[in-house]
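K.L.:
Mapping the sequence shown onto our numbering, position 147 (from 1) lands on 714, and the numbers just tick up by one.
Don't read these hints as lab results, they were simulated from the structure.
Treat the hints with care, since some could be wrong.
Stated by the list, open to error - Pairwise CB distance ranges (calculated):
#	residue 1	residue 2	range
1	M664	D772	26 to 34 Å
2	N671	K717	17 to 25 Å
3	D731	S700	12 to 20 Å
4	E638	R771	27 to 35 Å
5	G768	Y695	21 to 29 Å
6	K608	L682	44 to 52 Å
7	R771	G666	22 to 30 Å
8	N652	R620	13 to 21 Å
9	A733	G768	35 to 43 Å
10	A767	P667	17 to 25 Å
11	K717	F644	15 to 23 Å
To be verified - Each computed DSSO-like pair below joins lysine-lysine, with the alpha-carbon atoms no more than 27 Å apart:
#	residue 1	residue 2
12	K703	K717
13	K784	K634
14	K754	K608
15	K754	K634
16	K608	K703
17	K634	K608
18	K611	K784
19	K611	K754
20	K717	K754
21	K703	K754
22	K784	K754
23	K611	K717
24	K703	K634
25	K634	K611
26	K784	K608
27	K703	K611
A virtual CB, placed ideally from N, CA and C, is assigned to each residue, including glycine.
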Amino acid sequence: MKRRDFIIGSLMAAGTLLAAGKVGTGAVGLAESDKKKDKDKGMKIVVLTGSPRRNGNSAHLAEQFIKGAREAGHDVFRFDCAFANVAPCRACYHCGMDGPCVSNDDFEALRPHLLEADMVVFATPLYYFGFSSQLKAVIDRFYAINGQIKGAAKKAALLMTYADTAPREAEPLLSHYEALTEYLGWKSVGTVVAPGVWPAGAVRDTRYAGQAYRLGKDL
568 MKRRDFIIGS LMAAGTLLAA GKVGTGAVGL AESDKKKDKD KGMKIVVLTG
618 SPRRNGNSAH LAEQFIKGAR EAGHDVFRFD CAFANVAPCR ACYHCGMDGP
668 CVSNDDFEAL RPHLLEADMV VFATPLYYFG FSSQLKAVID RFYAINGQIK
718 GAAKKAALLM TYADTAPREA EPLLSHYEAL TEYLGWKSVG TVVAPGVWPA
768 GAVRDTRYAG QAYRLGKDL
């Protein structure tokens, strides 16, 4: 898998959400058949948070999702990207897309959880129309485990907050998420998109916190 192929695949996937009518606010849940199957056994879930604010809005959505998921009997591992030491990918190809990274940092503690996870949840504020840089650095390091996570039968979800209220402002991040999960072959089972929240804690009094909780609870 070349980087060029990934970029092309991402560009082709951009706009898919618009065409499918998936862009907007609120949550998209699992189909009933999927819910029943997953409830038969607890899943291992990794939640990656990207907010540099400990009490940030996307962090609160993550907390509500985790609360619901644990109540449903799932095992959740939370990794706060902004408070971890994770270097950016150097494009050195030392890992060969399936081996140890040249940077021996906190990503190594996350690695086994990602490999074992049945589901990965991305929780992020919208920063300049994309993932926060702290979360993006972790996603870029997926490169070192690409051979083991690409095509794996994993699920994914996105919890996203942003200060604006225009749906089009959220489209680049949503397209990136769709391209990422499509490339990895992961099944997206839900999104919660919370617009119009800027000060820390603003999302607490909105319906989006409840949506994040129910997304976790209904898995």
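K.L.:
For every hint, state whether the structure bears it out.
P.N.:
A quick look at each hint next to the structure:
1. M664 to D772: 26 to 34 Å: Distance hint for M664, D772 is violated at roughly 44 Å.
2. N671 to K717: 17 to 25 Å: 23 Å Cβ-Cβ, so the 17 to 25 Å window holds.
3. D731 to S700: 12 to 20 Å: Given a distance of about 19 Å, which is inside 12 to 20 Å, the answer is holds.
4. E638 to R771: 27 to 35 Å: This hint is violated: roughly 19 Å between Cβ atoms.
5. G768 to Y695: 21 to 29 Å: 22 Å, holds
6. K608 to L682: 44 to 52 Å: 18 Å, violated
7. R771 to G666: 22 to 30 Å: Once the Cβ atoms are compared, 43 Å apart, the range 22 to 30 Å for G666 and R771 is violated.
8. N652 to R620: 13 to 21 Å: Holds, since N652 and R620 (Cβ atoms, about 18 Å apart) stay within the stated range.
9. A733 to G768: 35 to 43 Å: This hint is violated: roughly 22 Å between Cβ atoms.
10. A767 to P667: 17 to 25 Å: 37 Å, violated
11. K717 to F644: 15 to 23 Å: 20 Å, holds
12. K703 to K717: Holds: K703 and K717 sit about 17 Å apart, inside 27 Å.
13. K784 to K634: Holds, at roughly 8 Å.
14. K754 to K608: Satisfied, since the Cα-Cα distance of roughly 18 Å is no more than 27 Å.
15. K754 to K634: This hinted pair holds, its Cα atoms lying about 22 Å apart.
16. K608 to K703: It is violated: about 31 Å lies between the C-alpha atoms, which goes past 27 Å.
17. K634 to K608: Measuring from Cα to Cα gives roughly 17 Å; hence the hint holds.
18. K611 to K784: 14 Å, holds
19. K611 to K754: It holds: about 15 Å lies between the C-alpha atoms, which stays within 27 Å.
20. K717 to K754: Holds: K717 and K754 sit about 12 Å apart, inside 27 Å.
21. K703 to K754: Judged against 27 Å, a Cα distance of about 20 Å means the pair holds.
22. K784 to K754: 18 Å, holds
23. K611 to K717: 17 Å, holds
24. K703 to K634: Given that 27 Å is the threshold and the Cα spacing comes to 24 Å, the pair holds.
25. K634 to K611: 14 Å, holds
26. K784 to K608: 13 Å, holds
27. K703 to K611: Judged against 27 Å, a Cα distance of about 22 Å means the pair holds.
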